[in-house]
Amino acid sequence: MPAGSFRGRGMQARSIEAWRRAEAAARGGAAAARAAFEGLLAEPELELPARLRLSALDLGQGALRDATAQVLAAARLPESEPGLVLELARRLFDLGEVQAGLECLRRPVLAAARDPGVHATAGRMLSDLSFYDLALERLEHAQRLGLRDPRLDYAIGLARMYCGALDPAEESLEACLRADPDFLPAARLLSTLRRQTPERNHVDRLRASLARLGEGHVFAPLAHYALFKELDDLGDTDAAWRHLEQGMRARRAQLAYDEQAEVALFDALEQLPFGEVPATAPEPGTPAPVFVVGMPRSGTTLLERMLAAHPAVADAGELRDFTCQLRWCADLLGGPHPDAALVRAAAGIDLRLLGTRYLEHTTWRAQGRERYIDKLPANFLVAGLIAAALPQARIVHMTRAPMDSCFSNLKALFADAYPHSYAQEEMARHYLRYRALMAHYERRFPGRILEVRYEALVTDPESEARRVLDFCGLPWRDEVLGEGARTGMVGTASTVQVREPIHRRYLGQWRPYASRLVPMRAILDTYETE
Numbered sequence: 031m032p033a034g035s036f037r038g039r040g041m042q043a044r045s046i047e048a049w050r051r052a053e054a055a056a057r058g059g060a061a062a063a064r065a066a067f068e069g070l071l072a073e074p075e076l077e078l079p080a081r082l083r084l085s086a087l088d089l090g091q092g093a094l095r096d097a098t099a100q101v102l103a104a105a106r107l108p109e110s111e112p113g114l115v116l117e118l119a120r121r122l123f124d125l126g127e128v129q130a131g132l133e134c135l136r137r138p139v140l141a142a143a144r145d146p147g148v149h150a151t152a153g154r155m156l157s158d159l160s161f162y163d164l165a166l167e168r169l170e171h172a173q174r175l176g177l178r179d180p181r182l183d184y185a186i187g188l189a190r191m192y193c194g195a196l197d198p199a200e201e202s203l204e205a206c207l208r209a210d211p212d213f214l215p216a217a218r219l220l221s222t223l224r225r226q227t228p229e230r231n232h233v234d235r236l237r238a239s240l241a242r243l244g245e246g247h248v249f250a251p252l253a254h255y256a257l258f259k260e261l262d263d264l265g266d267t268d269a270a271w272r273h274l275e276q277g278m279r280a281r282r283a284q285l286a287y288d289e290q291a292e293v294a295l296f297d298a299l300e301q302l303p304f305g306e307v308p309a310t311a312p313e314p315g316t317p318a319p320v321f322v323v324g325m326p327r328s329g330t331t332l333l334e335r336m337l338a339a340h341p342a343v344a345d346a347g348e349l350r351d352f353t354c355q356l357r358w359c360a361d362l363l364g365g366p367h368p369d370a371a372l373v374r375a376a377a378g379i380d381l382r383l384l385g386t387r388y389l390e391h392t393t394w395r396a397q398g399r400e401r402y403i404d405k406l407p408a409n410f411l412v413a414g415l416i417a418a419a420l421p422q423a424r425i426v427h428m429t430r431a432p433m434d435s436c437f438s439n440l441k442a443l444f445a446d447a448y449p450h451s452y453a454q455e456e457m458a459r460h461y462l463r464y465r466a467l468m469a470h471y472e473r474r475f476p477g478r479i480l481e482v483r484y485e486a487l488v489t490d491p492e493s494e495a496r497r498v499l500d501f502c503g504l505p506w507r508d509e510v511l512g513e514g515a516r517t518g519m520v521g522t523a524s525t526v527q528v529r530e531p532i533h534r535r536y537l538g539q540w541r542p543y544a545s546r547l548v549p550m551r552a553i554l555d556t557y558e559t560e
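All letters in the sequence shown, in the order written, are residues 31 to 560 by our numbering.
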């Protein structure tokens, strides 16, 4: 805990001295640090920061469960220092304790803070978790308190975009660029807000910014992807493709993608022994999750919005909870995405415990409704574990024609996921692995996974929606095809597109670029002809 926090908390001199002694003792190594901070747990003024330090020690030693227990114990304690409350919330979010983290951010000590940085930090945390409506309140409050920062304008623009306020989002992003003309995250977002026209576009501004920054700049891929989008809108496919190729190459160079590690992950998933599926009946009235899985940009958000318009369904968004609780059950640290080591560890876990913990951490999102949607496309990786651990869950697998699916991934710039999507051959091989894995799961769990084709959904939305609702045990409601399916917060890259009426315009989008996509198509043809 920084020395400034002592003054902010008005701590007694005895407590300040005790903390300093613990800090000094901690320099003797992990064991000494643990003993020192455990010795502070009986001090009411020091217990919360001591538990944060102990959780960090647990994480350093790979003890995920112990670290989680420490921060949950810390979350039950009062605290008057906003900085510590923010640190606690961040640690809770990092460990998958989202509901407890949100409660931290609702504490009066944060609401009453006059420091705009407190609200900006809380807003960015909420934005990172896709609570864009809550984030917007905090970010705009920081602005009202006097914070002037182009990054704040960008964060507000991002949140407004996901909340569907496109014109105000454009105003915020333009304000960011007036203060910092080369902040290309804002420029790229602007390119996505609407279809560009010869009379209204940002092509010259993007090219000028790229020329100033240079190809070696970390923002260079953003410029190329934005230029691809705008030039594609304008029908200049030759220039658009040149920028997409440069953007893919530049982004691929920034990532440490290990295709062999991905192959090992898929192999481990196919070899995972599930044993007997636990036939535990859910408690009456318990909301049941509906998982929407598949490749990104395959129509998962469109289907999600249609289902969420049903009055018995809540939209929980893209949740990381299943993999997070899988890591807790295996007591294995790691990132937000599954890896081969986690899958191997999953062979020995208690599937009932996994299902129970997932429900404990997510049913609050149902808001009293019968079903809630967990729409994380990459959950296709763990669809088998979902089926085994959650007998009451419904799994809807959204598919799309191979070339459309892969091209839509190539032309999307993802933040921190899907590193296979920046080279044609890697993209195609990933697609083949994905389809093989889903076929394996469908054989292993017959009747548990419903496949919905994007092409069918946009061609005959009512028939497909009826089929999905029937699979989910829900009656037909006209609302799923109504205007409500296109409103509200949509925290995905498809937020602008899904607000349009259902149409077929995105079918065959790869065809104008067919001559450039030969390497990808050659690999995908092996799937289409099987």
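These are calculated hints, taken from the structure and not from any lab test. There's no promise every hint is true.
Derived DEER-like restraints, expressed as beta-carbon distance ranges [to be verified]:
hint, residue 1, residue 2, range
1, R374, R208, 45 to 55 Å
2, G246, D490, 29 to 39 Å
3, W394, R237, 32 to 42 Å
4, E245, A445, 17 to 27 Å
5, D288, L175, 38 to 48 Å
6, D96, E390, 10 to 20 Å
7, R174, G69, 41 to 51 Å
8, Q284, R224, 25 to 35 Å
9, A142, P549, 20 to 30 Å
10, G265, D490, 50 to 60 Å
The beta carbon of each residue, even a glycine, is placed where N, CA and C say it ideally should be.
Results for each hint:
Against the hinted window of 45 to 55 Å, the Cβ-Cβ separation of R374 and R208 comes to about 52 Å, which satisfies the hint. For the pair G246 and D490, the supplied restraint of 29 to 39 Å is violated, since their beta-carbon distance comes to about 49 Å. For the pair W394 and R237, the supplied restraint of 32 to 42 Å is violated, since their beta-carbon distance comes to about 48 Å. For the pair E245 and A445, the supplied restraint of 17 to 27 Å holds, since their beta-carbon distance comes to about 21 Å.
Take D288 and L175: their Cβ atoms lie about 45 Å apart, and the range 38 to 48 Å holds. At about 18 Å, the CB distance of D96 to E390 agrees with the hint of 10 to 20 Å. Distance hint check for R174 and G69: the Cβ-Cβ separation is about 43 Å, which falls inside the suggested range of 41 to 51 Å. With their beta carbons about 28 Å apart, Q284 and R224 fall inside the hinted range of 25 to 35 Å.
Distance hint check: the CB atoms of A142 and P549 are about 58 Å apart, inconsistent with the given range 20 to 30 Å. About 30 Å separates the C-beta atoms of G265 and D490, a value inconsistent with the hinted range of 50 to 60 Å.
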